[in-house]
Amino acid sequence: MPAGTLYRGREGMWSWVAHRVTGVLIFFFLFVHVLDTALVRVSPEAYDKVVATYKSPIVALLEYGLVAAILFHALNGLRVIAVDFWIKGARYQKQMLWSVVVLWIVLMLGAIYPVLGHAARELFGS
Amino acid sequence: MSDNTVTAGTATGVGPVEGSSVYSVDNPAPLIEPPRKRTKKSPKSTRGNFEMYGWLFMRLSGVVLVVLVLGHLLIQLVLDGGVSKIGFAFVAGRWASPFWQVWDLLMLWLAMLHGANGLRTVINDYAERPNTRLWLKGLLYTATVFTILLGTLVIFTFDPNIR
Ligand code: HEM
Chain A
1 MPAGTLYRGR EGMWSWVAHR VTGVLIFFFL FVHVLDTALV RVSPEAYDKV
51 VATYKSPIVA LLEYGLVAAI LFHALNGLRV IAVDFWIKGA RYQKQMLWSV
101 VVLWIVLMLG AIYPVLGHAA RELFGS
Chain B
1 MSDNTVTAGT ATGVGPVEGS SVYSVDNPAP LIEPPRKRTK KSPKSTRGNF
51 EMYGWLFMRL SGVVLVVLVL GHLLIQLVLD GGVSKIGFAF VAGRWASPFW
101 QVWDLLMLWL AMLHGANGLR TVINDYAERP NTRLWLKGLL YTATVFTILL
151 GTLVIFTFDP NIR
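First to last, the protein sequences are chains A and B. Heads up: the first sequence runs through residues 1 to 126, numbered per full-length UniProt numbering. Heads up: the second sequence runs through residues 1 to 163, numbered per full-length UniProt numbering.
Take the hints with a grain of salt, since some may be wrong.
[As the list claims (entries may be wrong)] Pair by pair, the computed Cβ-Cβ distance ranges are:
#1 A:S56 with B:L74: 17 to 27 Å
#2 A:V50 with B:I75: 13 to 23 Å
#3 A:R121 with B:N131: 47 to 57 Å
If you are wondering where the hints come from, they were derived from the structure by calculation, not from laboratory data. From the three backbone atoms N, C-alpha and C, an ideal C-beta is built for every residue, glycine too.
Sequences and hints are given; from them, build the entire structure.
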């Protein structure tokens, strides 16, 4: 580590870490996602086969994780933009972070049924 | 002390509470040049503003991506039966409309460029050896160009009657 560039904050640092980790994760997923979608140029069967794996219960859980990562990155990204462009942004960065977290939790609770419902029906019968 | 132009200012205490300033229209305060201001005499910048535009792009693309990506998640994973409905037929139905073609094309380009620029920052932060940086960035740029071109090709050449 170059000396003097390491800063240890509190909420600010951890939200930055989470923003970075989620951003990198989303990028890697996007790479794979473009590849699997490209199968529509191969044949309908090839595409439907790979999409079928997206519908399995285990992958449904991964999908829920992906939604979690994207939602946090998107909401916190808006917070970063507000900190940079809104005059009072820096002063309210902490309040904005907690708003992001609360909104994120609410949205993640709301996503349980739509994203995981089909997996639950498959595992436990309808 | 008193014949020093800079410390002379302290006599006024600066604030209006403590009295009037020694500076006036007839006796203006000395002008302090911004330390790194570029003048006609300074050499031409060789760097451009690439990093500033990158910084701005992250924020502008971020705002647009909120709509595109969260809309995409809503359509693909939540509405109308969630992921269960997705298949070749669903894709064909959506890409029959130029609106969704443009949506997906814009999302592809913005997300890839935003993500690639973000990863460039991450590489710059953690990879210290020049060779490591070179190879990681080479890999990143290759993968990014490949993915953008492949995705664009797929959207433009999609054929619902491929069989
Ligand atoms: C959904 C809307 C999105 C918003 C509002 C958003 C916002 C932002 C902002 C403002 C930054 C700059 C942070 C900084 O300079 O400190 C950033 C960084 C980043 N974003 Fe996004 N982004 C979004 C979507 C995405 C997507 C889809 C990807 C992946 C393809 C992604 C990957 C990244 C990466 C890798 C970084 C760099 C992180 C870092 O330097 O620590 N973002 N994002």
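Evaluation of the provided hints:
| no. | hint | result |
| --- | --- | --- |
| 1 | A:S56 with B:L74: 17 to 27 Å | 22 Å, holds |
| 2 | A:V50 with B:I75: 13 to 23 Å | 19 Å, holds |
| 3 | A:R121 with B:N131: 47 to 57 Å | 52 Å, holds |
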